[in-house]
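*Asks:* Okay, here's what each chain looks like letter by letter:
2 protein chains.
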Amino acid sequence: MEGVVVESREWFLAAYSTDGVPTSEHLKLRTVTLTLASDSIPDGHVAAETLFISVDPYIRTKLTGTPDGLNLPQYHINQVITSFSVSRVIRSKDSKYVEGDLVLVPSAPVAEYSIIPSSGILRKIDGESGISLPDYLSSLGVPGFAAWVGIELLGEPKVGSNVFISAASGAVGMVAGQLVKIKGCKVIGSTGSDEKVKLIKGEFGYDDGFNYNKESDFDAALSRYFPDGIDVYLDNVGGEMLEAVLNHVNKYARIPLCGMISQYNKVWTEREGVRNLLNMIGKEVRMEGFMLATYWHRFGDFAQDMEGYIKEGKVKSKNKINIGIESFLDSLSSLFTSSNIGKVIVQVKA
Amino acid sequence: MEGVVVESREWFLAAYSTDGVPTSEHLKLRTVTLTLASDSIPDGHVAAETLFISVDPYIRTKLTGTPDGLNLPQYHINQVITSFSVSRVIRSKDSKYVEGDLVLVPSAPVAEYSIIPSSGILRKIDGESGISLPDYLSSLGVPGFAAWVGIELLGEPKVGSNVFISAASGAVGMVAGQLVKIKGCKVIGSTGSDEKVKLIKGEFGYDDGFNYNKESDFDAALSRYFPDGIDVYLDNVGGEMLEAVLNHVNKYARIPLCGMISQYNKVWTEREGVRNLLNMIGKEVRMEGFMLATYWHRFGDFAQDMEGYIKEGKVKSKNKINIGIESFLDSLSSLFTSSNIGKVIVQVKA
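These protein sequence lines map, in sequence, to chains V and G. Be aware that the first sequence starts at 1, since it is given in our numbering, and climbs by one per residue. Be aware that the second sequence starts at 1001, since it is given in our numbering, and climbs by one per residue.
No lab work stands behind these hints: they were computed from the structure. Careful, some of the hints might be misleading.
[Claimed, not checked] Calculated lysine-lysine pairs in the BS3-like style (CA-CA distance at most 27 Å, straight line):
#1 G/Lys1198 <-> G/Lys1158
#2 V/Lys266 <-> V/Lys28
#3 G/Lys1251 <-> V/Lys266
#4 G/Lys1158 <-> G/Lys1062
#5 V/Lys181 <-> V/Lys201
#6 G/Lys1158 <-> G/Lys1181
#7 G/Lys1062 <-> V/Lys251
#8 G/Lys1266 <-> V/Lys251
#9 G/Lys1251 <-> V/Lys62
#10 V/Lys93 <-> V/Lys124
#11 V/Lys311 <-> V/Lys186
#12 V/Lys251 <-> V/Lys62
Extracted from the complex, chain V is given alone in its bound form (with noise of 0.2 Å):
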């Protein structure tokens, strides 16, 4: 590293965000003078370079000023953004971490560099296990974890399932769409270009898919695509879809609500309303919220199934990089234009 004292640019909210996607009008970046020296540490901490950033979209629904829907704490005006992070360890005043040690940290400043207390350290990661750093964010990051929760823990498919995954080229819907296969089920994406349809199918094991861009009745196209009904729906848009879906559920079907990406930017009068959760009655079905928050005690089993897959070539993941912290707000926003596919990283330093 350089010399004791750094420059480090951080992302900082500058003013609330309540509708649309969030511009630079929301999000601003600075430059930070801090001082890396062992005595301006505090005991029980470690000063880190970031390496990575993970760019999710629930991001987006703490920039309002008001906890919606996700109830997740907001930033306040001037606050660093934080955001999953793959760091290095450069000075340590914990004993259990050493200079060069590559970690895991859930809540990480968006910043070059920064001082974090050890007790943030989800855990150490090994940089020789053959895993590439950015798949720490992915496949085994938030997205990773959180299509493993919806899938093992809450939508437990069966052998023979159906199971549906919406923005099936999103980070989460890449990962869900190859753990459901592992377990034998048959499962279909809905995304939002033939060009994602084409790399659900090619990639990341789905056996069929829809644009929904192009079809006009989603109804119509889930009686297409399900004809014997669906099982589990791993629902990460909600809306529109979710109504659709509630047409086409098997009796006792499972619904894990991952995430709402197609409601984050509307204030919820606005929302789509759901105007049939009469039929989850009828047939008995089971919708779920889950927030990562809540499983992390199971986050070392997650890693360890994953890990395996990995190695073992039965999760691969796409993940877009992009360069230097000065991305990041494009990124971000990348989220909720369709534009990206996979996960989206940032990559802080090379």
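Start from chain V and add chain G according to the hints.
*Replies:* This is chain G only, laid out in the frame that chain V set:
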């Protein structure tokens, strides 16, 4: 009983009823002649006279000709309507039953007399138990069992939980409130008149309640009644009230969907959309529809619990008993006009 040949009045479906409250255009009464001699009753069947008939909202969803939300088999044109009954065996071709036995029949013809397979009998009841026969159709029947499944098996409130129940003065709400109270929770109900609010507080164990017809803003009402949020919501109405509840749920709230009486008389595209399902993610809410058929194997456990509560005076029923099989149609439509309180029952035989 009268002679071997009886005249029996029965209600049948004359025309499908797709929206609105069913009328005499849709359901008609006719008189048929039945021969009840032993040699005209097949083996494994009994002839029975109907004493009391349960009148429940789900019946309305079987009159449209097209299975909808509750996914129940539809009556055909000309088919006799069926419902849960207390009946008396008058001839038996099954050694398990003798003349005079009182039996519960989940799917009995809405008729004065009928010949039914003994496999369709749920169980015998003890006329000397001290429990009134109508109670076998209320606290010990369909609505009581629905309340028990919703609260005991799915809602699982804990001591001190805040529980909300809609349609609280209806047959399910009446029992559910008392069950919740036995578990040491706070229970608040919504219902359609000030008189009913008084009733649920005075007789059904509710700590408090409100008249939804007087609340222009359900959200504001729930803020007043649940300053600490809602842990369990037993939904009997759906629509706008369900949406309001989702703005007040606590973390890990459970919403057993028992019925959606506000939605039964509309085609699904005209139903009220619920716009804030996103809240289910942040609060990690579990919403689950249920039908009693899935839980019949637990009926014995339920009946044992409930008979105990009734004998201890912990659960009381208010039954609205309409006299004569001719009152069935008016009894059914009363469920949708807020004109009934407690459990609606038709007394067929004095």
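*Asks:* Indicate, hint by hint, whether the structure satisfies it.
*Replies:* Hint check results:
Simply put, G/Lys1198 and G/Lys1158 have alpha-carbon atoms about 26 Å apart, close enough for the 27 Å limit, and the pair holds. At most 27 Å may separate the alpha-carbon atoms for a hinted pair to count; V/Lys266 and V/Lys28 meet this at roughly 22 Å. This hinted pair checks out: G/Lys1251 and V/Lys266 have alpha carbons roughly 23 Å apart, not beyond 27 Å. Proximity of G/Lys1158 to G/Lys1062 is assessed by CA-CA distance (about 36 Å); at most 27 Å being required, the pair is judged violated.
Distance hint between V/Lys181 and V/Lys201 is fulfilled; the C-alpha atoms sit about 11 Å from each other, no more than 27 Å. Between G/Lys1158 and G/Lys1181 the alpha-carbon distance is near 11 Å, which keeps this suggested pair within the 27 Å criterion. Simply put, G/Lys1062 and V/Lys251 have alpha-carbon atoms about 18 Å apart, close enough for the 27 Å limit, and the pair holds. For the hint pairing G/Lys1266 with V/Lys251, the CA-to-CA distance comes to about 23 Å; that is within 27 Å, so the pair holds.
At most 27 Å may separate the alpha-carbon atoms for a hinted pair to count; G/Lys1251 and V/Lys62 meet this at roughly 18 Å. Among the hinted pairs, V/Lys93 with V/Lys124 is consistent with the structure: their alpha-carbon atoms are about 16 Å apart, no more than 27 Å. A threshold of 27 Å between alpha carbons decides the hint, and for V/Lys311 with V/Lys186 the separation of about 23 Å falls inside it, so the pair holds. Between V/Lys251 and V/Lys62 the CA atoms are separated by roughly 36 Å; this puts the pair beyond 27 Å, and the hint is violated.
In summary, the structure is inconsistent with hints 4, 12 from the numbered list given earlier, while agreeing with the others.
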